[in-house]
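Novice: Those protein sequence lines, which keep their order, are chains C and H.
First residue of the first sequence: 1, per my numbering; consecutive thereafter.
First residue of the second sequence: 1, per my numbering; consecutive thereafter.
These are computed hints drawn from the structure, not numbers from a lab.
Don't be surprised by glycine CBs; every beta carbon is placed ideally from N, CA and C.
Do not take every clue at face value.
Claimed, not checked - Residues from chain C shown here face chain H by an in silico Cβ test under 8 Å; the list is partial: (1) Val21; (2) Asp25; (3) Pro50; (4) Thr55; (5) Gly62; (6) Val63; (7) Val66; (8) Ile70; (9) Lys74.
Claimed, not checked - Here are a few chain H residues that sit away from chain C, every Cβ distance over 10 Å (derived from the structure): (10) Ala22; (11) Asn23; (12) Arg205; (13) Ile234.
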Amino acid sequence: MGTALNLVLILLLLATALLAVNARDLLAAVIIFSVYSLIMALMWQRLQAPDLALTEAAVGAGVTTVLFVITIFKTRRREEE
Amino acid sequence: MKKVVALLFIVALAVLLLYVVANMPPMGDPENPTATHVISRYLERAEEETHTENVVTGVILNYRGYDTMGEVTVIFCALAGVLAVLGRERRGVIHAFVDRSEVPSSVIVKTMVRFVVPFIILFSVYTILHGETSPGGGFQGGAIIGGSMIIFTTIFGLYESSRRIPLKVRASLEGAAVMGFFLVGALGLLGGGNFLTYAWPRVARSLQPSLVVWLTVLVEVGVGLGGAMVLISILFAMIREEEEIAPAP
Numbered sequence: 001m002g003t004a005l006n007l008v009l010i011l012l013l014l015a016t017a018l019l020a021v022n023a024r025d026l027l028a029a030v031i032i033f034s035v036y037s038l039i040m041a042l043m044w045q046r047l048q049a050p051d052l053a054l055t056e057a058a059v060g061a062g063v064t065t066v067l068f069v070i071t072i073f074k075t076r077r078r079e080e081e
Numbered sequence: 001m002k003k004v005v006a007l008l009f010i011v012a013l014a015v016l017l018l019y020v021v022a023n024m025p026p027m028g029d030p031e032n033p034t035a036t037h038v039i040s041r042y043l044e045r046a047e048e049e050t051h052t053e054n055v056v057t058g059v060i061l062n063y064r065g066y067d068t069m070g071e072v073t074v075i076f077c078a079l080a081g082v083l084a085v086l087g088r089e090r091r092g093v094i095h096a097f098v099d100r101s102e103v104p105s106s107v108i109v110k111t112m113v114r115f116v117v118p119f120i121i122l123f124s125v126y127t128i129l130h131g132e133t134s135p136g137g138g139f140q141g142g143a144i145i146g147g148s149m150i151i152f153t154t155i156f157g158l159y160e161s162s163r164r165i166p167l168k169v170r171a172s173l174e175g176a177a178v179m180g181f182f183l184v185g186a187l188g189l190l191g192g193g194n195f196l197t198y199a200w201p202r203v204a205r206s207l208q209p210s211l212v213v214w215l216t217v218l219v220e221v222g223v224g225l226g227g228a229m230v231l232i233s234i235l236f237a238m239i240r241e242e243e244e245i246a247p248a249p
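Given these sequences and hints, build the entire structure.
Specialist: Below you can see the structure in the form of structure tokens.
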């Protein structure tokens, strides 16, 4: 049971990492990256590091995502010009 | 040609990294350097030496207080950099791009946020103050306060949220994390010990445990408040849009 859960988490982590890098839309990339952070928080909890899991969930999935989204909304893509 | 060089470089890097990973000691092995070095001392004596039930907090704030002080300074420098580039918001003319959104937030969302934010802040107070005995601590709690204010700002706008936490309060509390560490360190010097040792040789032995606990709580509260204010200030600096800079509708 534990091994299967670990395997699923690692596969999801790899999948979200690849998707975040390959996403064409920056907003989609940021959202996928926040999902990556959430899975990472679960991984920290599985590795018995609850302090780190709390930090990852609050900073990685919460604050950083919002800061990235703000940056995307306040900047423009060069191809548009 | 360029692609071949890049590919060769990546393959070489991958081989090197995989070689290192293959040579790493297995996870959870009692013969690991991480398990034989200082960890045993931490696990055996942390409770009597740092008087915190959560060993992680004892290690972060007490044994490795210098490390944490450096990290807190880095976060403070990050805020200083952001403010140097983007500048503070000015009272009276501030707007955020969320204020100008074409889709106004609905009554349901507003009511939910107004209802939930106090509970999130209450949870972060618990995380900060209970950090000695349970997972969590100053930094995590500060990040949760920052997150709650981010939710509030995205729904109610910059004007409302900067009225709740005015610039004066933030400016004086942003340095709280660094100041907390230096204050506790300097108090340790006054108490006859070394910088950031928490143990004061000049104080009676029976008072030591409660002294260490209170100093730890002081540092935790400082880190929590300072971290929260740094995150909120970075957010405000990033979303502010002043009247004269904003594009004409």
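Novice: Beyond 10 Å from every chain C Cβ: check whether that's true for Ile234 of chain H.
Specialist: Since the minimum Cβ distance to chain C is about 7 Å, Ile234 of chain H lies within 10 Å and the statement is violated.
Novice: Against chain H, with CB atoms and a cut of 8 Å, does the hint on Val21 of chain C hold up?
Specialist: violated, 14 Å
Novice: Can we confirm that no CB of chain C comes within 10 Å of the CB of Ala22 of chain H?
Specialist: holds, 18 Å
Novice: Using the nearest Cβ pair, does Val66 of chain C come within less than 8 Å of chain H?
Specialist: Holds - the Cβ of Val66 of chain C comes within 8 Å of chain H, reaching about 5 Å at its closest.
Novice: Can the hint on Lys74 of chain C be confirmed by a CB-to-CB distance to chain H that is less than 8 Å?
Specialist: Check passed: Cβ of Lys74 of chain C comes within 7 Å of chain H, closer than 8 Å.
Novice: Should the label of Asn23 of chain H as a non-interface residue stand, given a Cβ cut-off of 10 Å to chain C?
Specialist: holds, 21 Å
Novice: Interface hint check: Ile70 of chain C, Cβ to nearest Cβ on chain H, cutoff 8 Å. Holds or violated?
Specialist: holds, 5 Å
Novice: Classify the hint on Val63 of chain C as holds or violated, based on whether any CB of chain H lies nearer than 8 Å to its CB.
Specialist: At 6 Å from the nearest chain H Cβ, Val63 of chain C passes the 8 Å test, so the hint holds.
Novice: Please verify that hint: Asp25 of chain C, Cβ, nearest Cβ of chain H, below 8 Å or not.
Specialist: Check failed: Cβ of Asp25 of chain C comes no nearer than 19 Å to chain H, outside 8 Å.
Novice: Using 8 Å as the Cβ threshold, decide whether Gly62 of chain C counts as touching chain H.
Specialist: holds, 4 Å
Novice: For the hint on Pro50 of chain C, does the least C-beta distance to chain H fall short of 8 Å?
Specialist: This hint holds: Pro50 of chain C lies near chain H, its Cβ roughly 4 Å from the closest one there, short of 8 Å.
Novice: Please verify that hint: Thr55 of chain C, Cβ, nearest Cβ of chain H, below 8 Å or not.
Specialist: holds, 5 Å
In this structure, the hints that do not hold are numbers 1, 2, 13, in rising order.
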